[in-house]
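Keeping the supplied structure of chain A fixed, place chain B upon it in accordance with the hints.
There are 2 protein chains.
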Amino acid sequence: MSSSHLGIPKGTRDFGPQTMAKRQYIFRNIRAVFERFAFQPLETPSMENLSVLSGKYGDEGDQLLYKILNSGDYLKATSEADYQQGFVELLPKIASKGLRYDLTVPFARYVVMNRHAITFPFKRYQMQPVWRADRPQKGRYREFYQCDADVIGTNSLLCEAEIVAMINAIFERLHINDYSIQINHRKLLNGISEVIGAPGRQTELAVSLDKLNKIGPQKVLGELEAKGFKQNQLDLLSPLFDWSGSYQELQPVLSEYIKDSPEGAAGLADLNLVYDHVSSLGIENPRLIINPCLARGLAYYTGTIFEVTINNAQIGSVCGGGRYDDLTGIFGLPGVSGVGISFGVDRIYDAMEQLNLFIEQESNACQVLLIAMDPASEPHALGLLSKLRSNQVSAELYPDRVKLKKPLNYANKKGIPLVVLIGSDEIKSGKISVKYMDTGDQEELTEAQLFGKLLET
Amino acid sequence: MSSSHLGIPKGTRDFGPQTMAKRQYIFRNIRAVFERFAFQPLETPSMENLSVLSGKYGDEGDQLLYKILNSGDYLKATSEADYQQGFVELLPKIASKGLRYDLTVPFARYVVMNRHAITFPFKRYQMQPVWRADRPQKGRYREFYQCDADVIGTNSLLCEAEIVAMINAIFERLHINDYSIQINHRKLLNGISEVIGAPGRQTELAVSLDKLNKIGPQKVLGELEAKGFKQNQLDLLSPLFDWSGSYQELQPVLSEYIKDSPEGAAGLADLNLVYDHVSSLGIENPRLIINPCLARGLAYYTGTIFEVTINNAQIGSVCGGGRYDDLTGIFGLPGVSGVGISFGVDRIYDAMEQLNLFIEQESNACQVLLIAMDPASEPHALGLLSKLRSNQVSAELYPDRVKLKKPLNYANKKGIPLVVLIGSDEIKSGKISVKYMDTGDQEELTEAQLFGKLLET
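Chains as they are written, first to last, in this note's numbering: chain A, 36 to 492; chain B, 36 to 492.
So that you can see chain A by itself, here it is in the shape it has in the complex (with noise of 0.2 Å):
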């Protein structure tokens, strides 16, 4: 195969180096927080079983699976008229398992599987790929991560309040300073569509408002009147699509609002109590929006849903989720309720990279090159080389007797502050030589000075 025609799967990425350095500052800044907030890690199969993935994510997710052919002769279980019916008809007999669409399916799964063994609450994290046959577009990958905590086996609406301040915290560890947290309830749209004259369809008028920012007002009017909506209710409706503000800004217009609604007001005494106990949290500033009009696409949502937008950054939302009360009933253990935040690392990064946010350095790069000057010296390289280790600091030992040169060109590329250069002369006089890659400059240092350098760093 000629290198010309190598290449990697449409929206699937390598992670170089420098990609990864940052990548793993924000997996690990999300994880730190899901565990100080003791949630506990699960994983489960990149592979499931079709009967375990199909039919959970809508027709279109269907299609988006990816599916793995079952191994060995795949067309065993087959005839020629499985063929001739076509590739729907055909697909269960060639293939039982898929990849994993995205993390709240396997969780579902996993607590029905273990329901005994599972001691209730039970608060999981889970940061895998997950995979998706989308087309590729800005920000969207056919590979992407997936991080998520879930608390499930309990309604209290403290464990809102609680994502509400791992959001704050997760962000204010990126750095992330200029962000919202809109949060709704699936009853506070209910109610909407009771006082608008249009109960019971809630679900259409969701799919529509879902679109408000990506099509603007007037187009969700058209599409609604399409469905049917009468103008009096779109004129009910409509002045929803500028409230959106402040928890302290909008409670009271809303109260007034949903009144006759009792569903509606059961909702927006909700999202008060979440308010109250994020205050209680002694959060400062929760950046916390109250939005009419969020709806999420996902059906199984049935309380508080939240979206997470990062203002000034073109990517959409970086974080959504929400409480369903029956996630575990598609697999046959009905009435567990539960709640749960999905973070995309993916467009965190992204968002990250376009406000430039990624000002830390990593921790771990290398901090020292050591170059040994001619074979002789190579020894007591390898001993400085183990000392610098011990001593926590990563080291390498440049492998390949070349010009200074090429080890300079190579230090300077890998990011490497110190150069050591060890020769005969400086194993006779006790001192090496340490090269400092900002500046330049060279000074000649016992290897204890060395250390003391390098540990005040």
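It cannot be assumed that every hint is accurate.
Said to hold, decoys possible - These stretches of chain A come out as covered by chain B in the derived footprint (C-beta under 8 Å, 3 or more residues):
(1) 104 to 116
(2) 139 to 151
(3) 192 to 199
Claimed, not checked - Lysine to aspartate or glutamate pairs mimicking EDC-like chemistry, simulated, CA-CA at most 16 Å apart:
(4) B/K111 / A/E124
(5) B/K254 / B/E239
(6) B/K45 / B/D169
(7) A/K262 / A/E239
(8) B/K262 / B/D277
(9) A/K128 / A/D117
(10) B/K422 / A/E319
(11) A/K57 / A/D409
(12) A/K440 / A/D409
(13) B/K246 / B/E258
(14) A/K111 / B/D117
(15) A/K449 / B/E70
(16) A/K422 / B/E319
(17) A/K449 / A/E461
(18) B/K111 / A/D117
(19) A/K441 / A/E491
(20) B/K448 / B/D460
(21) A/K265 / A/E319
(22) A/K45 / A/D137
(23) B/K57 / A/D137
(24) A/K57 / B/D117
(25) B/K449 / A/E70
(26) A/K111 / B/E124
(27) A/K254 / A/E239
(28) B/K463 / B/D473
(29) B/K57 / A/E78
(30) A/K57 / B/E482
Unchecked claim - Facing chain A, from chain B, some residues (calculated, C-beta under 8 Å):
(31) A73
(32) Y109
(33) I462
Source of the hints: derived by calculation from the structure; they are not laboratory data. Ideal placement from N, C-alpha and C gives every residue a C-beta, glycine not left out.
For chain B alone, coordinates are given in the frame of chain A:
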């Protein structure tokens, strides 16, 4: 779907919180050592084009690749004649991608694609799952992690010594003390086939020698006889079966044995130099054993080869690697020498379980469970919760209002050492009740006293 039919694909596993804590402990230590040795992280996509994967792992490997069905109408490029030709012929028309089988081929593909941007020597590490449609059995899974570190772009034997030091450092951190690093050299194997009078037959020889541990010397000799090796050749070979030992013991014996083969002597000279470098690194007990019968299956090795076994663990080798002179040649970039090592985390995990080596506590486990005794105490409890987390303490508030027995049971099951009870009495008195789950003792403390306790542990 009823919960009784739920399952995961054969050969795959869910990793619940207890298992994950142990796995993360292994990953964390391997990563820390890789970075201390100045290897840089790389991640490649789970899916690779089948043109990249096929033909790289032998015929058996090709069969063990997981293939992914093209999305949409995967039959659209096929005809009934293709179907009739059978599964092998149909495959390229319905699947163009497969799941990663190891980390070495994707690494070679990455190096070739990015050869102009990479600064050589390139030291990369990669810790990702791989997939093989193998028959599942004890210690063999269909999805498992590999942790690889490779240096590519240098033929310096300093790199081999570094790998020995790295194995040593990783196992030391994991408290695995009783293990052996077996080392051999492909040139020494070639030399052996020369000195027994079967020059050029080193591959046949190696394939049989590779089975020595599994089937024993008698069957190996039988197999070689069946391949046409003569009795006098086998008589010359068989003493080697007993020659495995420390470098000091075996070096003179092997040196004498191989003296008539220049290639074999060159291989042994390489091993000598590796041993000298390891000594210079100051490793007290490198556990390095020359095993002239160590062959390792993979065809691409051309120099030193390594294999690590944990003594007293019934698990096979946990780590292996070697030098290759032409790994990237398959993708059109010939003549780039490198050396690498791969750690099998799943086997290391199994061995550590067998040997009861998971002695360290996970540092990130939850330390404090707060219980609010009544709704009025929740705001106070939430405030304390935030304070604990700001002080690096992992803590949670039990979300439901239930009898005390339930949260105490929760703390017990989750291994949370401290439970803090907060009710109106506690708030009034300024003291909180702290219960120590290990002893069952309880005492009244001020918040300041609680923080004092937590910081001293």
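Hints and how they fare:
Counting residues of the stretch 104 to 116 of chain A whose CB lies closer than 8 Å to any CB of chain B gives 8, so the stated coverage by that chain holds, three being the minimum. With 6 residues carrying a beta carbon less than 8 Å from a beta carbon of chain B, the stretch 139 to 151 of chain A meets the three-residue requirement, and the given coverage holds. With 4 residues having a Cβ less than 8 Å from any Cβ of chain B, the stretch 192 to 199 of chain A passes the three-residue criterion, so the hint holds. Note on B/K111 and A/E124: the hinted pairing holds, with a Cα-Cα distance of about 14 Å set against a maximum of 16 Å.
For the hint pairing B/K254 with B/E239, the CA-to-CA distance comes to about 14 Å; that is within 16 Å, so the pair holds. For the suggested pair B/K45 and B/D169, the alpha carbons sit about 10 Å apart, so the restraint of at most 16 Å is met. Among the hinted pairs, A/K262 with A/E239 is consistent with the structure: their alpha-carbon atoms are about 8 Å apart, no more than 16 Å. A distance of roughly 22 Å separates the Cα atoms of B/K262 and B/D277; the hinted pair therefore is violated under the 16 Å criterion.
Taking the CA atoms of A/K128 and A/D117, the gap is near 9 Å; set against the 16 Å cutoff, the hint holds. A threshold of 16 Å between alpha carbons decides the hint, and for B/K422 with A/E319 the separation of about 13 Å falls inside it, so the pair holds. For the hint linking A/K57 to A/D409, the alpha-carbon distance of about 37 Å lies beyond 16 Å, and the restraint is violated. For a cut-off of 16 Å, the pair hint linking A/K440 to A/D409 stands: about 15 Å separates their Cα positions.
With a CA separation close to 10 Å, the supplied pair B/K246 and B/E258 stays within the 16 Å bound. Our distance criterion of 16 Å between C-alpha atoms is met by A/K111 and B/D117, whose separation comes to about 15 Å. Note on A/K449 and B/E70: the hinted pairing holds, with a Cα-Cα distance of about 13 Å set against a maximum of 16 Å. Using a Cα cut-off of 16 Å, the hinted pair A/K422 and B/E319 holds, with the two alpha carbons roughly 13 Å apart.
Between A/K449 and A/E461 the CA atoms are separated by roughly 25 Å; this puts the pair beyond 16 Å, and the hint is violated. A distance of roughly 15 Å separates the Cα atoms of B/K111 and A/D117; the hinted pair therefore holds under the 16 Å criterion. For the hint pairing A/K441 with A/E491, the CA-to-CA distance comes to about 29 Å; that exceeds 16 Å, so the pair is violated. Between B/K448 and B/D460 the CA atoms are separated by roughly 28 Å; this puts the pair beyond 16 Å, and the hint is violated.
With a CA separation close to 43 Å, the supplied pair A/K265 and A/E319 exceeds the 16 Å bound. As the CA atoms of A/K45 and A/D137 are separated by approximately 19 Å, the hinted pair breaks the 16 Å bound. Only pairs whose Cα atoms come within 16 Å are accepted, and B/K57 paired with A/D137 is rejected, the gap being roughly 25 Å. For the hint pairing A/K57 with B/D117, the CA-to-CA distance comes to about 47 Å; that exceeds 16 Å, so the pair is violated.
About 13 Å separates the Cα atoms of B/K449 and A/E70, which keeps this hinted pair within 16 Å; it holds. The straight-line distance between the Cα atoms of A/K111 and B/E124 is roughly 14 Å, inside the 16 Å bound, and the hint therefore holds. Among the hinted pairs, A/K254 with A/E239 is consistent with the structure: their alpha-carbon atoms are about 14 Å apart, no more than 16 Å. The suggested pairing of B/K463 with B/D473 is violated, with an alpha-carbon distance near 28 Å, which exceeds 16 Å.
The hinted pair formed by B/K57 and A/E78 meets the criterion: a straight-line CA distance of about 13 Å does not exceed 16 Å. Under the criterion of a C-alpha separation no larger than 16 Å, the hint pairing A/K57 with B/E482 is inconsistent with the structure, at around 38 Å. With 8 Å as the threshold, the beta carbon of B/A73 comes within range of chain A, its nearest partner Cβ sitting at about 4 Å, so the hint holds. The interface hint given for B/Y109 holds, since its Cβ lies 5 Å from the closest Cβ of chain A, which is under the 8 Å cut-off.
Proximity of B/I462 to chain A is violated relative to the hint, the smallest CB-CB distance being about 13 Å (cut-off 8 Å).
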